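Participant: Could you slot chain B onto chain A? The hints should help.
So the sequences go chain by chain: A and B. Here our numbering runs 3 ahead of the position in the first sequence, where the first position is 1. Here our numbering runs 19 ahead of the position in the second sequence, where the first position is 1.
Hints are computed from structural coordinates only; laboratory data are not their basis. Since this is a predicted model, take the numbers as computed values, not measurements. Some clues are possibly wrong.
[What the hints assert, rightly or not] Where chain A lies over chain B, by a calculated footprint (3+ residues, C-beta under 8 angstroms):
id, region
1, 39-51
2, 56-64
3, 121-127
Every residue gets a Cβ at the ideal spot worked out from N, C-alpha and C, and that includes glycine.
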Amino acid sequence: MKNKLSRVVDALPGLVWTALPDGRIDFLNKRWCEYTGLSADEACGQGWETAIHPEDLPEVLDRWRSVLASGKTLEMAARLRRFDGAYRLFLFRICPLVDASGQLVRWCGVDTDIEDRLQSEEAMHARWWLWPPAREHHFRSIADDIPGLVVLMNPAGEIELVNRQVLKYLDTTPEELKGCSIIDTVQPDDRPDVLARWREALDSGRPYEFEARLRRADGVYRWFQTRAFPLRDAEGRMVYWYLLQTDVDDLRRAEALLAGEMRILEMIATGESLPTTLTDLCLLVEKLCTGWACCSILLLDPENGKLWNGASPSIPKGYAEAIDGFEIGPNVGSCGSAAYHGRQIVASDIATDPRWTAFRDLALVHGLRACWSTPIFSQQGLVRGTFALYAREPSTPTRDDQVVVAQVTHLASIAIERNRVEENLRRSEAYLSEAQGLSSTGSFGWVVSTDEHFLSDETFRIFEYDPSNKVTLQMILDRIHPQDVALTWRAIALATEGKNLDYECRLLLPSGSVKNLHIVAHGNRDPDGRLEYIGAVQDVTRTRLSDEALGKARSELAHVARVTSLGALTASIAHEVNQPLSGIITNASTCLRMLAVDPPNIDGARETARRTIRDGNRASDVITRLRSLFAKKDVTTESVDLNEATREVIALSLSELQRSRVILRPELAEDLPPVTGDRVQLQQVILNLLLNASDSMSGVNDRPRHVVIRTRQDDDDRVRLAVEDAGVGVDPDCVDKLFEAFYTTKNGGMGIGLSVSRSIIESHHGRLWAAQNDGPGATFSFSIPRGPVRMTKVKSLGILRARAPMDAAHIMRTP
Amino acid sequence: MTGIRSLVSIVDDDESVRESLPDLLKECGFAVEAFASAEEFLASDSVGRTRCLILDMCMPGMTGPDLQKELTLRREEIPIIFITAHGDETVRPRVLEQGAVECLIKPFSETALLGAIDTAFRVV
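Pulled out of the complex, with its shape left as it was, chain A reads as follows (with noise of 0.2 angstroms):
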């Protein structure tokens, strides 16, 4: 049975052998000993070693001797020594042989070539582990390619391997590595972390992932990523673990650099206050560059060249506060010189640089040693201030610390910038609301479209809405009075078609108070097409009043006016007076004495009484027109015959006229259409002319003194009355001064004559002018639309009150 076995087991076509279980080799099969040109007395006991390489022997004892011990069983790798010399590598299996009780009674070793198959992936992966020269030679062949810090670790965690980027880092060679663990260059502080993490994984044989600061050769630490992996056997056991070591440093200070400026950013377009946003952008800087002990933010005044401290958090206060406000120059330490050259300024050495020699003492006083300034420029190329970074030694800026400082001086450009612009646009803004305030004017935007508006505080305050509501359009018509609702709705509809606004409304507010509005806006399309109104709401509720108080004041003055012409008429008129009452007394004593003679002269007497009697009412019709030329009355619209009115005008003045020798002439056109109007105030005017005409001409004694009246029908339906004198003519240069209120080349003259014309004419739609004539004198003109027109509105009607019609019975006399 035994030789039977013998004979089977020689026959297999792997090398297979025996042992005691004490480890002493009592068999060894055919093909082992013709592999291996051994015999088999040769390779039992302890001669078989002779046949493993001598390198992979201390290994392949070590590992058998422990199997030995456990009983367990063993997979290895070993290179074995062929017949003719050459080594090949074996995979070795060994496993115990138990009899029924479960004693040990024999090792049972199979050892198969895998030299061929080494070459391939699949038996690499499944075992070259096994054997360490090929685990070696592996690792380091994909290792020491790998852009990261590569370490084999065994479950102790003691360094197995590492790549070559390993050795570099911590600049070290692996026989000293030997037995470290990797938690000796972790930076103290994160430690007790990595530990814990570590630990956790030997429990759960999970990867696992941390970060830290590992020490590198020069002492600096950086920023690491590791990943570990478990390694495990065949069986499951964890046998290594690989951890793949990434430097992040860069990354880290690139992403807390781009958080930093995220959130300075984030700080400026919310419009936190200028010192805030630098002090955080020094706090930034203070992180990132650790070489650096602290920084500090100047600003530059234009005005007159100096820094003032614009942010440090970390400066030692006196030494901030002693170089506050100091003057740029070409050598004023780091900061000024690099404000006034425009560049950046390093001193390395405080204490030897010459620039530093006025604030040397103060900076070594605080501890500062070194002092870097960068400009901070606008967008125009203009310095607004300067970035300083201070350290207590003797320093120079590295690439990092250069990359970071021109991102932090680009940011602290743009605070700087839109602080100014801010700053300007609050300015601004300031003005205009007053300006808004001051005029009563409030804007507005509203985009059609999406039914959006925009209202200035100015416009909040006339539709007395509180500026923190968001107004929607219902808001706005609430607002309305409710007769200009209509035309409100009107002005929308006109306003989507694209049209420009301008109408007026009134306003009804919760206190039952009115406003008077008037609104004007301008359409325009986005670049996305939308329909946008910008807009102007001007609260004219005071002008209104204003102008009902003026158009008051003008009456009066127009009274005044007619007063004054009344005073120089007052000539004219006693003697228009006078003249029938002088008939009457006559008459009435001729009549007394007819009456008195005996017999009575009856027909002689009634002659005479009749001639009282006409002469009586000639009198009363004088007084009649007085009356209502001169008395103040209301306004009337009535149609009127402006030749008529003429008449009755020239009737009254005519002995005024004469007394001042003036040569009246008359040319009233025939067939003159009626206009529609005031006949009085009509009068007013006629009349002002008449006695104007004659004023002018009173230092005339070379020439006849003419007036011509004229009345004519112009083309475009208008009546025009003209006075021509041949006076001392109007001054080219005064002409539109004659028409101001109080503005007279008369002596004694008021200077409201012909303000008050203009008025009464413009509110008959009508237009009053002077002209100078091709010889001596002017023409006074006015044109009246020859009606029927409605009179113009109250606003600017003051004057024209209206007034009885005139009982056309009572008109004077035409002489």
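Facilitator: Relative to chain A, chain B alone:
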């Protein structure tokens, strides 16, 4: 009063004066001629016969004072009573200074008128 009634001439552009005044003066026994203007009076044959001239001051064309000057130039020494509707108290002394007998401000009473005419006749 004499058998030959003394001629009083009136020059006034106002018709009602020319109507009423002659009637009154006739009632008082005067011979009266009325003229609507100074020119008309000068052209008439009444100038030499007139014992008293009642003259309106303000008239179109030749005024009352103009006529007065003209008569002086013609050495027609006719007593003149000025009448005026434009008159005020400042007018009268000036007119009297210029040689008029009286200046009556319209409207004037019969008494004032007759008194003035009486004065005029006494002047001559």
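Participant: Compare the structure with each hint and give your call.
Facilitator: Now the hints, each set against the structure:
no. : hint    : verdict
1   : 39-51   : holds (count 6)
2   : 56-64   : violated (count 0)
3   : 121-127 : holds (count 4)
Checked against the numbered hints above, the structure breaks only hint 2 and satisfies the rest.
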